[in-house]
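Protein chains in written order, with the working numbering: chain A, 6 to 340; chain B, 5 to 287; chain C, 3 to 324.
FYI, nobody ran anything at the bench for these hints, they're computed from the structure.
Predicted, not measured: the structure shown is a model, and the values here were computed from it.
Heads up, the beta-carbon is just placed ideally off N, CA and C, and yes, glycines get one too.
A couple of the hints might just be wrong.
Said to hold, decoys possible - So the derived list for chain A, only partly shown, Cβ under 10 Å to chain C, looks like this: (1) 238; (2) 239; (3) 252; (4) 260; (5) 261; (6) 265; (7) 335; (8) 337.
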Amino acid sequence: MTRIGLRILSAIPTLLGVVVVTFLLTRVLPGDPAVFFASNPAMSAADIAAVRESLGLDRPLYEQFLIYLGNLAQGDLGRSIATGQPVAAEFARRLPASAELTFLAFFLAVVVAVPLGLVAALRPGSLIDHAARLIATLGVSMPTFVTGLLLIHVFYFRAGVMPEPIGRLDPFLFEPARVTGFLTIDALFAGDRQVFVAALHQMMLPAVTMALFALAPLARMTRASMIATLGSEFIRSARAAGLSRGKIIVVYALRNAMLPVVTTMGMVFSYMLGANVLVERVFSWPGIGAFAIDSIVNLDYAPLQGFVLIMAAIFIAVNLVVDIVTVLIDPRVEN
Amino acid sequence: MTARAQPGRIRRALRGNPLNLIALGLLGLICVIAVLGPSLVPHDPLATDTAVALQPPSAQHWFGTDQLGRDLFSRVVVATRLDLLIALGAVALSMVAGSVLGAIIGYWGGVLDAVVSRLVDVLMAFPLFVLAMALVAALGNSVINVVYATAIVNLPFYIRLARSEIRPRRALGYAEAARAGGSGNWRILSRHLIPNIAAPLVIQGSVNLGWAVLNAAGLSFLGLGVRPPTPEWGIMVAEGARFIASGQWWIVTFPGLALMLAVFTFNLLGDALRDILDPRLRT
Amino acid sequence: MTPLLSIRGLSVDFETRHGTVHVLDHLSFDIAPGEIVGIIGESGSGKSVTACSVMGILDRAGRITRGDILFQGESLLAMGRRARDGWRGRDASIIFQNPRAALNPIRTVGDQIADVIARHTSLSRSRIRRRVQQSLRDVRVPDPERRAGAYPFQLSGGLCQRIGIAMALACTPRLLIADEPTSGLDVTTQAVIMDLIRDLARENGTAVALITHDLALAAGNCDRLVIMHAGHVVEIAPTAEIIARPRHPYTAGLLRSVPSLAESLDQLQAIEGSLPDLRRSDLPPCRFAERCTRRLPQCDAPGPLVLTACGPGHLVACRNLP
Numbered sequence: 006m007t008r009i010g011l012r013i014l015s016a017i018p019t020l021l022g023v024v025v026v027t028f029l030l031t032r033v034l035p036g037d038p039a040v041f042f043a044s045n046p047a048m049s050a051a052d053i054a055a056v057r058e059s060l061g062l063d064r065p066l067y068e069q070f071l072i073y074l075g076n077l078a079q080g081d082l083g084r085s086i087a088t089g090q091p092v093a094a095e096f097a098r099r100l101p102a103s104a105e106l107t108f109l110a111f112f113l114a115v116v117v118a119v120p121l122g123l124v125a126a127l128r129p130g131s132l133i134d135h136a137a138r139l140i141a142t143l144g145v146s147m148p149t150f151v152t153g154l155l156l157i158h159v160f161y162f163r164a165g166v167m168p169e170p171i172g173r174l175d176p177f178l179f180e181p182a183r184v185t186g187f188l189t190i191d192a193l194f195a196g197d198r199q200v201f202v203a204a205l206h207q208m209m210l211p212a213v214t215m216a217l218f219a220l221a222p223l224a225r226m227t228r229a230s231m232i233a234t235l236g237s238e239f240i241r242s243a244r245a246a247g248l249s250r251g252k253i254i255v256v257y258a259l260r261n262a263m264l265p266v267v268t269t270m271g272m273v274f275s276y277m278l279g280a281n282v283l284v285e286r287v288f289s290w291p292g293i294g295a296f297a298i299d300s301i302v303n304l305d306y307a308p309l310q311g312f313v314l315i316m317a318a319i320f321i322a323v324n325l326v327v328d329i330v331t332v333l334i335d336p337r338v339e340n
Numbered sequence: 005m006t007a008r009a010q011p012g013r014i015r016r017a018l019r020g021n022p023l024n025l026i027a028l029g030l031l032g033l034i035c036v037i038a039v040l041g042p043s044l045v046p047h048d049p050l051a052t053d054t055a056v057a058l059q060p061p062s063a064q065h066w067f068g069t070d071q072l073g074r075d076l077f078s079r080v081v082v083a084t085r086l087d088l089l090i091a092l093g094a095v096a097l098s099m100v101a102g103s104v105l106g107a108i109i110g111y112w113g114g115v116l117d118a119v120v121s122r123l124v125d126v127l128m129a130f131p132l133f134v135l136a137m138a139l140v141a142a143l144g145n146s147v148i149n150v151v152y153a154t155a156i157v158n159l160p161f162y163i164r165l166a167r168s169e170i171r172p173r174r175a176l177g178y179a180e181a182a183r184a185g186g187s188g189n190w191r192i193l194s195r196h197l198i199p200n201i202a203a204p205l206v207i208q209g210s211v212n213l214g215w216a217v218l219n220a221a222g223l224s225f226l227g228l229g230v231r232p233p234t235p236e237w238g239i240m241v242a243e244g245a246r247f248i249a250s251g252q253w254w255i256v257t258f259p260g261l262a263l264m265l266a267v268f269t270f271n272l273l274g275d276a277l278r279d280i281l282d283p284r285l286r287t
Numbered sequence: 003m004t005p006l007l008s009i010r011g012l013s014v015d016f017e018t019r020h021g022t023v024h025v026l027d028h029l030s031f032d033i034a035p036g037e038i039v040g041i042i043g044e045s046g047s048g049k050s051v052t053a054c055s056v057m058g059i060l061d062r063a064g065r066i067t068r069g070d071i072l073f074q075g076e077s078l079l080a081m082g083r084r085a086r087d088g089w090r091g092r093d094a095s096i097i098f099q100n101p102r103a104a105l106n107p108i109r110t111v112g113d114q115i116a117d118v119i120a121r122h123t124s125l126s127r128s129r130i131r132r133r134v135q136q137s138l139r140d141v142r143v144p145d146p147e148r149r150a151g152a153y154p155f156q157l158s159g160g161l162c163q164r165i166g167i168a169m170a171l172a173c174t175p176r177l178l179i180a181d182e183p184t185s186g187l188d189v190t191t192q193a194v195i196m197d198l199i200r201d202l203a204r205e206n207g208t209a210v211a212l213i214t215h216d217l218a219l220a221a222g223n224c225d226r227l228v229i230m231h232a233g234h235v236v237e238i239a240p241t242a243e244i245i246a247r248p249r250h251p252y253t254a255g256l257l258r259s260v261p262s263l264a265e266s267l268d269q270l271q272a273i274e275g276s277l278p279d280l281r282r283s284d285l286p287p288c289r290f291a292e293r294c295t296r297r298l299p300q301c302d303a304p305g306p307l308v309l310t311a312c313g314p315g316h317l318v319a320c321r322n323l324p
């Protein structure tokens, strides 16, 4: 337990560093938000100064940082200049959209890539092996936003099997009562099968787009790790003891092979956090990435700052989970 | 210990795996296009002609035309130079800066090492693309800032790589011998230690090139970095995005294919370099 | 009496990137029930490949091209896969050189022994647990209840090898193959482990095939010695006989090269030359010929080298016996 506790503790300085960096980043943004806010020509210089003061931009940097920290501790991420609304509230509203998509994409990637890598490892040099590598390499060479657009063209425009990419749900359907914010889960809670299917349908293309890119590293690592494990001495001993093929592959080889694969999963998740932005743009998905991009154009620094912070925090959390899972799987790992 | 490319190794690597040959061929093709392309294109990449807007591929316009009637083929070819330069610039910058910094902290250790390593940890706590986005937004919307942002985001890899290669070697036999022979620390670093890490650095660099191209294109797609009407693969895809759902597929597909070809080439190149310089590193 | 294990004219080839390696050629020897046989040879002589062939765990690149392996009169090579898998670990088992590497690093040693028992018996969970404890006590592991829950990285090399022995003997096999079981251990532990193997084998009537390059170790623990060179068996005899009267020049060379405390460094005698390249298609019938001091034209005459009797229980493969 102490191994896990220590790991959690060591994430804190990194988190602090992330907060500092995020803060500094947006202080460097060009353009004076106060001027933007005061695009109304009726405002005088005094009004602009007042706005600046209210945003705290006239204080020295370290003071601004302390204020920022204090606000963060209270869950206050500032206000969006464009909408005037608190950023935190907007994020809370939009986060489930991004999360639902990312989880589905991650799930798809793992469920396809890991078995693919396993089969390729059990039959090296076979047709499946080569096919897997080809698909994986192609998937990783194609930029996410291009893949998304091409998929839309093929499956929506040409084949007509996928819905129009205009958001989470067909505008003629009503969103179910919000429990988690995940349309699929909420639909299940409400017993509304039609909405469940429609929401899933709408998520398919964007999730597949994100998953495609993640296939390559996952499949490759699973294959390499499994091959390495299957060639190790303790597997030879297990075979020599007459253990059944199933037991050797699943209990002996797989668990050992999974260790580097779990680490790769962490990296893949990090990539997906970044790809979120691109996919949300392509599919008009109302998530936090879309919000962040729109706010960049407006030089609206609070949402951007909040976005970067949240993404980094999620990434740190994911890495922590990966670390903890590794510790649980592998008794050899010390701190 | 030193992995240098002997001519025999190069030949064997090329013959052993046909993909390596393909990688080099494609690389050559891309370089030729980047250098000679702009002078050889059939149409002016910036010339608009709304009369022929949104035409599918034809004999006059091999890749079709976009919504302003510009020839897509010319634009894709001309964009090669820009995308390549951005990627090369970013990778070169981060490779040089990162490896020197990593070598220094790996060699001298101490407080400098602790501080820089912590900074690197913090940098790596951000999802790469998100950080690049934020940096471009912070520094300003221009091409050079895309280069800087990509370079900064890639720094940690080189710092860590150089550090992990130099650190165990600083006390090795030949370093000690050099020190005993009177060489100063800088000499030891530059003459003996850094050349030894050249191989993994170069391999990492070539893989990074692929990622840098995707990164730059992604940023441009979002409207950060390169601005229209400059031909660049990312913005061309962005411009074409509106039309793909209504059937005009060529505006997105051809720049997309160009992107894929470039990234694919750099990924293959990374594998080929691994075969030539140090086959042990291959997965 | 039917031999427990009978290897008859076994030939094994390995496909490698640099060509086909003829690792074993017309290999033949027997092991009687309950006896301890030492299989001696330098690295590359094919001892481990022989062991893997008997156990049926040859690498994918290996192919048995000729010959047969009989266990209690029944052909192992003709056995179906399921029967062979059941035989392995139950009727015969093997322990390896690097004891910690031979164990699953993320599974407790108790679980690993239990896996073997569960595979070959249909005992209940609690019975298996008790069997595991008994196994650990048999191999003289101190504090067996606690040790059963340990992971290999927490145990010393000697303890790991004891666990390996426990796993190998858990189902009281008729044959135990020990492939360099003590090479990875320090000298005192070596002696202790060898004693353990010998004692347990005698107790259960298990035959042991001790594979080693250490002639002194084999001489001190084995009833009979089988000398191998470059994939051939060159001499077989009871230990005392072979040490007193080595008939094959290679055996003689081996005995001479064992350093004794009385010798100095420059008195060490090596055997001239090295193992021939086994990828050659023009290998002479006697693979020692090119290193041999008493080579004759008849040594190169075509036809496989055969083992001929030259004393009580003493076989040698040489065409130029003085």
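Going through the hints against the structure:
Given hint, residue 238(A) at the interface with chain C, holds; its Cβ is 4 Å from that chain's nearest Cβ, closer than 10 Å. Because the beta carbon of residue 239(A) sits about 5 Å from the nearest beta carbon in chain C, less than 10 Å, this interface hint is met. Because the beta carbon of residue 252(A) sits about 7 Å from the nearest beta carbon in chain C, less than 10 Å, this interface hint is met. At its closest, the beta carbon of residue 260(A) sits 6 Å from a beta carbon of chain C; the interface hint therefore holds under the 10 Å criterion.
The restraint placing residue 261(A) at the interface with chain C holds, with a minimum CB-CB distance near 6 Å, inside the 10 Å limit. The criterion of a C-beta within 10 Å of any C-beta in chain C is not met by residue 265(A), whose closest approach is roughly 13 Å, and the hint is violated. The beta carbon of residue 335(A) is positioned within 10 Å of a beta carbon in chain C (closest approach about 6 Å), and the interface hint is therefore held. This hint holds: residue 337(A) has a C-beta 5 Å from the nearest C-beta of chain C, less than the 10 Å allowed.
Hint compliance for this structure: hint 6 alone is broken.
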